[in-house]
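Construct the complete structure from the given sequences, taking the supplied hints into account.
Number of protein chains: 2
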Amino acid sequence: MCELLGMSANVPTDIVFSFTGLMQRGGRTGPHRDGWGIGFYEGRGLRLFQDPRASSESEVAQLVQRYPIKSEVVIGHIRQANVGRVCLANTHPFMREMWGRNWCFAHNGQLADFQPVQGFYRPVGDTDSEAAFCELLNQLRTAFPEPVAVQQFLPVLVSACVHFHHQGVFNCLLSDGDWLFAFCSTKLVQITRRAPFGPAHLKDVDVIVDFQGQTTPNDVVTVLATEPLTANEQWTLQQPGEWSLWRSGECVLRGQS
Amino acid sequence: MCELLGMSANVPTDIVFSFTGLMQRGGRTGPHRDGWGIGFYEGRGLRLFQDPRASSESEVAQLVQRYPIKSEVVIGHIRQANVGRVCLANTHPFMREMWGRNWCFAHNGQLADFQPVQGFYRPVGDTDSEAAFCELLNQLRTAFPEPVAVQQFLPVLVSACVHFHHQGVFNCLLSDGDWLFAFCSTKLVQITRRAPFGPAHLKDVDVIVDFQGQTTPNDVVTVLATEPLTANEQWTLQQPGEWSLWRSGECVLRGQS
Chain H
1 MCELLGMSAN VPTDIVFSFT GLMQRGGRTG PHRDGWGIGF YEGRGLRLFQ
51 DPRASSESEV AQLVQRYPIK SEVVIGHIRQ ANVGRVCLAN THPFMREMWG
101 RNWCFAHNGQ LADFQPVQGF YRPVGDTDSE AAFCELLNQL RTAFPEPVAV
151 QQFLPVLVSA CVHFHHQGVF NCLLSDGDWL FAFCSTKLVQ ITRRAPFGPA
201 HLKDVDVIVD FQGQTTPNDV VTVLATEPLT ANEQWTLQQP GEWSLWRSGE
251 CVLRGQS
Chain A
1 MCELLGMSAN VPTDIVFSFT GLMQRGGRTG PHRDGWGIGF YEGRGLRLFQ
51 DPRASSESEV AQLVQRYPIK SEVVIGHIRQ ANVGRVCLAN THPFMREMWG
101 RNWCFAHNGQ LADFQPVQGF YRPVGDTDSE AAFCELLNQL RTAFPEPVAV
151 QQFLPVLVSA CVHFHHQGVF NCLLSDGDWL FAFCSTKLVQ ITRRAPFGPA
201 HLKDVDVIVD FQGQTTPNDV VTVLATEPLT ANEQWTLQQP GEWSLWRSGE
251 CVLRGQS
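Protein chains in written order, with our numbering: chain H, 1 to 257; chain A, 1 to 257.
The hints are simulated quantities; they were obtained by calculation from the structure and are not laboratory data. Glycine is no exception: its CB is placed at the ideal position from the N, C-alpha and C atoms. The reader is advised that the hints may include incorrect statements.
Reference excerpt, derived from the structure (chain A facing chain H, CB under 10 angstroms, subset only) [to be verified]: (1) 44; (2) 45; (3) 46; (4) 50; (5) 51; (6) 66; (7) 67; (8) 95; (9) 100; (10) 139; (11) 143; (12) 144; (13) 145; (14) 177; (15) 179.
Ranges of calculated distance between the beta carbons of each label pair, as one might list FRET restraints [said to hold, decoys possible]: (16) 126(H) <-> 70(A): 18 to 28 angstroms; (17) 147(A) <-> 85(H): 32 to 42 angstroms; (18) 86(H) <-> 143(A): 50 to 60 angstroms; (19) 234(A) <-> 152(H): 56 to 66 angstroms; (20) 59(H) <-> 201(A): 21 to 31 angstroms; (21) 85(H) <-> 70(A): 14 to 24 angstroms; (22) 83(H) <-> 65(A): 33 to 43 angstroms; (23) 86(H) <-> 196(A): 30 to 40 angstroms; (24) 150(A) <-> 156(H): 30 to 40 angstroms; (25) 12(H) <-> 155(A): 28 to 38 angstroms; (26) 231(A) <-> 156(H): 30 to 40 angstroms; (27) 231(A) <-> 12(H): 35 to 45 angstroms; (28) 233(A) <-> 233(H): 57 to 67 angstroms.
Have a look at this one:
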């Protein structure tokens, strides 16, 4: 299994605090030694850092922890390999251009007997996760060759996720830089931080941050993760089959399949 | 105008030396202040570092200079913007998946009155370079919906490059991780280093490296660049209209259009 990290915010926000917590689970407080990756949107651009090495030992991970990249949408992942060997091509998150935007995807779980249909988007590595991402995009592009609003293609996306959910375990995060979509198959938690901000204490390492000093009263920041990252805050558990769509830190649509 | 850097080698080789020289031109010894990027293939995976800031001031560039990533194919670029504002989405190299491989592209030059045909691959940013890359891929994918050997699609690729060359300035580097393709429209130089290796002295900064201590007698490493990067070696000038295909450091095919 792997761990997911997602962020949606209404102002460019740095994810260093949450990332620092997650990284500990990549070989130190958790067993996810088989790589990590994180994608930050900057406008329509996507900045992707990945490493097939354990995050707790990765030089690139140290850079990301030192370097406060600010973004409104972030997708991160640490990996404990089950399908596909440990190499860069098998390291989440995966990225493809669709409709002139960078789409970014990370998956936690596994799909038994998944036989992807060959389409336009094709996996480069050999994980079931990347194959499922390509299948999602192929289904969307087949249904909508030209760009449409997220509300319009959402039913196709949700129905593909539900199909994968019935074939195995399919917790996922997906974004095109504008919105962040989450599907909970077994495990996904979320927290929305807004004023009044207080201190937060990481579970996995002795780090406390006081968000009040780093925020303005209008900031809204939602973090999604496989497991709660802080010890002193109340995280909301999503239900199996629950999906949600986030924009600017707020949940704009959600449903239960 | 911009500057290109490419490498093809028969063993995983670090590009730190050449990259260090190129980075100086991003704001220190050269005017290319509008971003830089470099893509390293690791197997079928592509590791991309990019920054819309000047390379001589970029923290990510410093990481890349400290961190000897070894690769058999590398494509790098520093940018002086002419078309498209300075932002991550407009920063080379660009990347797309085609036929289940990561394709990477960088361009030096500009295309006057270029009207791309809308196809499957679409630009995310607003540079003529990314639009030309999408057009190249769309032409290849239309001609060959399924993967074929590079020798088979090369005529389509060369003909598209010649077309761009006639529309403006189109020096480019392109790779799918297996081979490295170069097209010289106005300016491109190359050097192939093999035993006996000697010292090399960067033009742009006082750095000397003795390749003998870092290589084995069988190593073959070709570097392509817009301008020679070293002062004490003989670089070969490519001719306008010349194209070349490199694999494992050797030129496997070349032609003059």
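To see whether the hints hold, each was checked on the structure:
The interface hint given for residue 44(A) is met, as the beta carbon of that residue sits about 4 angstroms from the closest beta carbon of chain H, less than 10 angstroms. The restraint placing residue 45(A) at the interface with chain H holds, with a minimum CB-CB distance near 3 angstroms, inside the 10 angstroms limit. Using the Cβ-Cβ criterion of 10 angstroms, the hint placing residue 46(A) at the interface with chain H is satisfied: the shortest such distance is roughly 8 angstroms. Given hint, residue 50(A) at the interface with chain H, holds; its Cβ is 7 angstroms from that chain's nearest Cβ, closer than 10 angstroms.
At its closest, the beta carbon of residue 51(A) sits 9 angstroms from a beta carbon of chain H; the interface hint therefore holds under the 10 angstroms criterion. About 8 angstroms separates the beta-carbon of residue 66(A) from the nearest beta-carbon of chain H, less than 10 angstroms, and the hint is met. A distance limit of 10 angstroms between C-beta atoms decides the matter here; for residue 67(A) the minimum to chain H is near 6 angstroms, and the interface restraint holds. With a cut of 10 angstroms, the hint placing residue 95(A) at the interface with chain H holds, because the nearest CB-to-CB distance is about 8 angstroms.
Interface restraint check: residue 100(A) against chain H, minimum CB-CB distance 4 angstroms, threshold 10 angstroms, status holds. The beta carbon of residue 139(A) comes no nearer than 15 angstroms to any beta carbon in chain H, farther than 10 angstroms, and the hint placing it at the interface is violated. Checking residue 143(A) against chain H by beta carbon gives a least distance of about 15 angstroms; that is not within 10 angstroms, so the hint is violated. Contact between residue 144(A) and chain H, as hinted, is not supported at the beta carbon level, the nearest pair being about 13 angstroms apart and thus beyond 10 angstroms.
Among the interface hints, the one on residue 145(A) holds; its C-beta lies about 9 angstroms from the nearest C-beta in chain H, closer than the 10 angstroms criterion. The criterion of a C-beta within 10 angstroms of any C-beta in chain H is met by residue 177(A), whose closest approach is roughly 9 angstroms, and the hint holds. Using the Cβ-Cβ criterion of 10 angstroms, the hint placing residue 179(A) at the interface with chain H is not satisfied: the shortest such distance is roughly 16 angstroms. In this structure the hint that residue 126(H) and residue 70(A) lie 18 to 28 angstroms apart at CB holds, the actual value being about 22 angstroms.
About 22 angstroms separates the C-beta atoms of residue 147(A) and residue 85(H), a value inconsistent with the hinted range of 32 to 42 angstroms. For the hinted restraint 50 to 60 angstroms between residue 86(H) and residue 143(A), the CB-CB distance of approximately 36 angstroms leaves it violated. About 60 angstroms separates the C-beta atoms of residue 234(A) and residue 152(H), a value consistent with the hinted range of 56 to 66 angstroms. Between residue 59(H) and residue 201(A), the C-beta spacing of about 28 angstroms keeps the proposed range 21 to 31 angstroms intact.
Checked against the hint of 14 to 24 angstroms, the pair residue 85(H) and residue 70(A) passes, with Cβ atoms roughly 19 angstroms apart. Between residue 83(H) and residue 65(A), the C-beta spacing of about 36 angstroms keeps the proposed range 33 to 43 angstroms intact. The given range of 30 to 40 angstroms is respected by residue 86(H) and residue 196(A), whose C-beta atoms sit roughly 38 angstroms from each other. In this structure the supplied range 30 to 40 angstroms holds for residue 150(A) paired with residue 156(H), their Cβ-Cβ distance being about 36 angstroms.
Range check, residue 12(H) to residue 155(A): about 46 angstroms between beta-carbon atoms, so the 28 to 38 angstroms window is missed. Distance hint for residue 231(A) and residue 156(H): a CB-CB separation of about 58 angstroms, inconsistent with the stated range 30 to 40 angstroms. For residue 231(A) and residue 12(H), the hinted distance range of 35 to 45 angstroms is satisfied, since their beta carbons lie about 43 angstroms from each other. Between residue 233(A) and residue 233(H), the C-beta spacing of about 59 angstroms keeps the proposed range 57 to 67 angstroms intact.
In this structure, the earlier hints numbered 10, 11, 12, 15, 17, 18, 25, 26 are contradicted, and the remaining ones agree with it.
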